[in-house]
Each structure stands twice: as C-alpha cells, then as structure tokens.
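2 protein chains.
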Amino acid sequence: MQLLDGRITAEGIRKELALAVQERKRNGKKIPHLAAILVGNDGGSLTYVGAKVKACDQIGFESTLIRYDDSVPEDILLAKVHALNEDKSIDGFIVQLPLPAHIDELKITQAIDPKKDVDGFHPVNLGNMVLNLPGFLPATPAGILELMKRNNIETEGKNCVIIGRSNIVGTPLSIMLGRNANPGNCTVTLAHSRTQNLQEICLKADILIAAIGQPDFVTADMVREGAVIIDVGTTRVEDLSRARGWRLKGDVDFDNVAPKCSYITPVPGGVGPMTIASLMINTLKAMELKGK
Amino acid sequence: MQLLDGRITAEGIRKELALAVQERKRNGKKIPHLAAILVGNDGGSLTYVGAKVKACDQIGFESTLIRYDDSVPEDILLAKVHALNEDKSIDGFIVQLPLPAHIDELKITQAIDPKKDVDGFHPVNLGNMVLNLPGFLPATPAGILELMKRNNIETEGKNCVIIGRSNIVGTPLSIMLGRNANPGNCTVTLAHSRTQNLQEICLKADILIAAIGQPDFVTADMVREGAVIIDVGTTRVEDLSRARGWRLKGDVDFDNVAPKCSYITPVPGGVGPMTIASLMINTLKAMELKGK
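Sequences listed follow chains A and B, in order.
The numbering of the first sequence is my numbering, which starts it at 157 and goes up by one.
The numbering of the second sequence is my numbering, which starts it at 157 and goes up by one.
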C-alpha cells in the first residue's frame, strides 16, 4: 500500500505556481489576485479560508479576505459579489460555503461572474465541463484528478465507483473521470443513498472514491484487493486526547482498508490540500483565460 | 416482453399540449412559436425537421422553418441566430445538426440565447441540469425519461447501464437518471469505447440504454433476463426491398434481445418520436419560464 499524499503533491504544485508568478513578474505581467468572502465564524470555514490565504502567500499571489458577520443581509452580500465581478484588480474569487440559512447559496454562487468563478460552481462552468470546453473545473474533483495524474495512477479503462452524488464533488467528478481525457476514460458508476447492493458494486471498483461525509462508511469488506482508494470525507469527530477536542475523520475505515489497497489518500492530508491547490491553479488560469 | 411505444406515448403528449394551446387561446395568451434552421439537404435532417414542423402543426404551435444552402457562410448563420434571439415572436428555436464542416457547431449552439435553447444543448442549460435548476433538458434524454415515466417503468434504486457518452445523449442522460428525482435515483454506469468487460457490466443492468450509433451492437448475451432496453440508435442501413433503399436500424439486435427483456423500444417508433415530443414540451416551457 502506498499513501497518495496530497500535502506533498500540493507542495509541488505550489512550487510550480510560484515559479509561474516569478516569470510573470519578470515579464511585467499582472500578479494573480484571489479574493475570498467569509461569512460568520464557523470553525471549518475559518480553517479552509485561512489555508487558501496562506497558499496565496506561499505562491506569491495577491489575496483579499472579506469577512462579514453571520447576520449580514443577502443584498449586502450580493452587492459585494457584483462589486468583485467589476473589480479589475481581482482575477478570481470565492464565497466560502456554507452560508447562513437566511442567505440563498444558489443565488450567490450564480451571481458570480463565470470568468471569475475559480471554485467552478457556476452553471456555465459546470456546463462547459460537461461539454469539455474551456472553463473552471470544480476545485475538489479537479484536485483528485491532479493527485492521480501526478502519482501516475492509471485511469483508462478502469472501473471507478464514486459514492455520493453532490453537486460539488460526486456528480462533476463522475463526468470528469468518464470523459475522453487523461486522467479520464474510466467506466464510472455513481452510487448514492438509493443504491442497492452497494457492497457488490464497490467490490468491482479498481478506483473507489467516497464523498458522502459519513466517517468510516467504507469498510474493508467493500474493497477489492489492490484498489485505489480516494477519501473525500472530512468530518469533525470528538477527540478529547487533542487540545482542540476533535480530529478530522474520512469516509473510509483507513486502518482496515489500507492493507488491502494499492493506493489510499489519508485524512487529513489527502484530498483537502489538493482542493486548495486546484483553487490556486484556477486562479492562475483565470488570467490566462483572459489572455493576460 | 412489452413494446415501449414512443409513437403512442408521443401522441398522448401532443394531445395534452394541444389542450394547453387551446387553454392559452381562451385566456388570450400567446401561442408558442418554434423556429428551426436547416442548412443543406441531408436526408436525415430533412426528415427530422419535417417531423418537428408537423408536430407543431398537430399541436397548434406556430412554426417557422428557415433553410440555407449548405454553402452558407458561418457569419450569416450566426447573424440569423442573433436575430432569432432578439425576435420576440419566436419563443424557442433549434439549429438542426450536423452542420457542414466549414461551420463551427459549438460556436453556433453557444450563440443561442439559453432562454430559447429548446434543444437544451447550451452550456448554461447543461449546467442547470447538473445542478437540478430550472432550464431546458436536452431533448433526447428528457424524451427517454418521459417514455419511462408514462409507461410506469420503475427507476429508483435500479442499476442502469448507458452505452455511449455523447454530449447530447449519453452524458446528460447519465446525470438525469442518477439524480434524486422521479424518474431518477438509478445507480448509473456510463460505458464507452474504452470500457473493459462490457458484457459483464451490461449483464448487471436492470435498465440498459444503447446510444452509440452502431447497428446490432447490443446482442442477447449482453442482456439480463427481464431487463428494460432503450435503443437510441438510428442508423440508415441499405434495404433494397424498400423503395427508398434503406431502413433505420437501432443499436440493439431487436429480434434476439426482445424475447429476453421486460420492455424494449422499437426502432423506428421508440426514442425518436419522444425526442420530438420533448422539443414540443420545451417550447411550451420556454413561455412558462418567461412567465408568459
């Protein structure tokens, strides 16, 4: 069994992007600038946005963090999105999800200019993904593909089972892994809460991807000997042995699954860092798509 | 074995739509108006567009058929698309594909206003489909779902295998059948030219859908006893016994597969009429989405 180490792979990507920034500087080109809007004080969201800002620093991207109290009215947030759409100094931006219940997430994500939608959540970008047209790929699926590519995981002709059909991971990932590309050309099965005989289906998988947010959902008896395992889950579970009182837990029962498989992503340190790396790749791409 | 008769099902839809038109008339509302652009004289395209115009007549929709010689320059065609986008009398329109080689199909389909894109080919409509947002569903996949729904084919929890990953049938259909809806909630596997062990995969299918355009590709030994078979193929094969010299052939070896399955679509008379019915449903929807 080999670890698919997202931290090391993401570190390699950051170094490449840092070189690209230096090259841009030498050529008098604009430095990519990512903005992030964070509403409220959710611990997970604070961590994710903090990691994104830090990645910008390491690479040499400019960044702007805009914070609102969780009582911010929807129209104020919408107005900020429109302002960022118009702001020529900002190349791409994200609104960290989830948002408070009184704000319509879809309305917000759809208000983002698709050309600055570096999270890849806008319908235009998802449609371009389906049609294999230029645009922003959603960050987590794109990070998973990048992780496989950079670790020489063969995908062509492989049976791939994805558990979980969310709009931001499972569903777009199923399309990206199935299309005629590299990575890609998998025979993808998308499983979900209504799937019957899940164990039987999973046992056929050369590549098994869990993205449901249920700790230890994938057990060893669901995994074929030698499979590649990608764990997208990051649930906080109580852990009183740690000062903060919790730790992150994936969707895969790592200890029992790891000995059976050829490759496996750890949690944390697998898909998470790759999601952030994808966001950075998209931010640079935002400039290239503009021809800048 | 029961035939899934697209002609009869489409006839029922046309009657419902005709009633909706009469209701609109009584209420002084606008009558839906579909326009179609046809370039050149391809026999298949002539037949399809003719059937669409005829369906409009039967329902009571207004229709406009715009024909160009196959030498028409791309910019003339684009200008017509823009004119139809602006024309308030036209509620929806299609550009019949394929187009001659000197015209960029993607450029044309992307120029269509998504609000008038009743074929559902525009990236915005495909993105809305992925996110389960209001918009136009691509006509052939939507027709297949409608055919199953109106013939009480249960989809929830079923294993569905789709062969062929085209942008207009296989790929969007895989998403539509997998999502949380009715019809939907299938566990979908999308197979294609790089798939290995296709026979084994097909034998697991409760619902098997062939959309590759290769006559007789699906043979009886690929079909599970009692499966539902949907045949999207319509290839013209030589048939000198007919005056026109050809007949339509599906992707399924009908004669040998039919005895094994619970339901099967004939070719012609299965998916084809449903595609046209979907286009009509979308044309009415174009008005409703506008709130007219």
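A portion of the hints provided could be inaccurate.
It does not matter which identical chain is meant; a pair holds if it fits inside one copy or across any two.
Said to hold, decoys possible - Result set (SDA-like, lysine to any residue): computed pairs, CA atoms no more than 20 Å apart in a straight line:
(1) 360 to 399
(2) 271 to 286
(3) 263 to 288
(4) 263 to 289
(5) 416 to 196
(6) 446 to 322
(7) 360 to 313
(8) 263 to 446
(9) 186 to 232
(10) 305 to 350
(11) 305 to 172
(12) 185 to 362
(13) 441 to 231
(14) 416 to 216
(15) 416 to 182
(16) 263 to 445
(17) 360 to 259
(18) 360 to 380
(19) 360 to 232
(20) 236 to 390
(21) 305 to 218
(22) 181 to 196
(23) 360 to 350
Since the hints were made in silico from the structure, they are not lab data.
All figures in this text were calculated on a predicted structure; none of them were measured in a lab.
Each hint, compared with the structure:
Within a single copy, residue 360 and residue 399 get their C-alpha atoms no closer than 41 Å, and across copies no closer than 50 Å, so neither meets the 20 Å cut-off. For the homomeric pair residue 271 and residue 286, the shortest alpha-carbon distances inside one copy (17 Å) and between copies (19 Å) are both at most 20 Å. Taking CA atoms no more than 20 Å apart as the test, residue 263 paired with residue 288 passes between copies only; the shortest distance there is 14 Å, against 25 Å inside one copy. In this homomeric assembly, residue 263 and residue 289 come within 20 Å of each other (Cα to Cα) only across copies, at 11 Å, whereas the closest approach inside a single copy is 24 Å.
Proximity of residue 416 and residue 196 under a CA criterion of 20 Å is satisfied in neither setting, with 42 Å inside one chain copy and 59 Å between copies. Taking the closest pair of Cα atoms, residue 446 and residue 322 never come within 20 Å of each other, the shortest separation being 30 Å inside a single copy and 29 Å across copies. Taking the closest pair of Cα atoms, residue 360 and residue 313 come within 20 Å of each other both inside a single copy (13 Å) and across two copies (18 Å). Taking identical chains as interchangeable, the C-alpha atoms of residue 263 and residue 446 lie at most 20 Å apart only when they sit on different chains, with a minimum of 18 Å there against 25 Å within one chain.
For the homomeric pair residue 186 and residue 232, neither the shortest alpha-carbon distance inside one copy (29 Å) nor that between copies (38 Å) is at most 20 Å. In this assembly of identical chains, residue 305 and residue 350 lie within 20 Å of each other by CA distance solely across copies; the values are 18 Å between and 31 Å within a copy. In this assembly of identical chains, the alpha carbons of residue 305 and residue 172 lie at most 20 Å apart only when taken from the same copy (15 Å versus 51 Å across copies). Within a single copy, residue 185 and residue 362 get their C-alpha atoms no closer than 44 Å, and across copies no closer than 56 Å, so neither meets the 20 Å cut-off.
Neither within a single protomer nor between protomers do residue 441 and residue 231 lie at most 20 Å apart by alpha-carbon distance, with minima of 29 Å and 30 Å respectively. For a Cα distance limit of 20 Å, the shortest separation of residue 416 from residue 216 qualifies neither inside one copy, at 41 Å, nor across copies, at 63 Å. Neither within a single protomer nor between protomers do residue 416 and residue 182 lie at most 20 Å apart by alpha-carbon distance, with minima of 49 Å and 69 Å respectively. Proximity of residue 263 and residue 445 under a CA criterion of 20 Å is satisfied inter-copy only: 17 Å between copies versus 25 Å inside one chain copy.
For the homomeric pair residue 360 and residue 259, neither the shortest alpha-carbon distance inside one copy (42 Å) nor that between copies (43 Å) is at most 20 Å. Taking identical chains as interchangeable, the C-alpha atoms of residue 360 and residue 380 lie at most 20 Å apart whether they share a chain (7 Å) or sit on different chains (18 Å). Taking the closest pair of Cα atoms, residue 360 and residue 232 never come within 20 Å of each other, the shortest separation being 49 Å inside a single copy and 52 Å across copies. With identical chains, the CA atoms of residue 236 and residue 390 are never at most 20 Å apart, being 30 Å at best within one copy and 51 Å at best between copies.
With identical chains, the CA atoms of residue 305 and residue 218 are never at most 20 Å apart, being 28 Å at best within one copy and 52 Å at best between copies. Taking identical chains as interchangeable, the C-alpha atoms of residue 181 and residue 196 are never at most 20 Å apart, the minima being 35 Å within one chain and 52 Å between chains. In this assembly of identical chains, residue 360 and residue 350 lie within 20 Å of each other by CA distance both inside one copy and across copies; the values are 18 Å within and 17 Å between.
Checked against the numbered hints given earlier, the structure breaks hints 1, 5, 6, 9, 12, 13, 14, 15, 17, 19, 20, 21 and 22 and satisfies all the rest.
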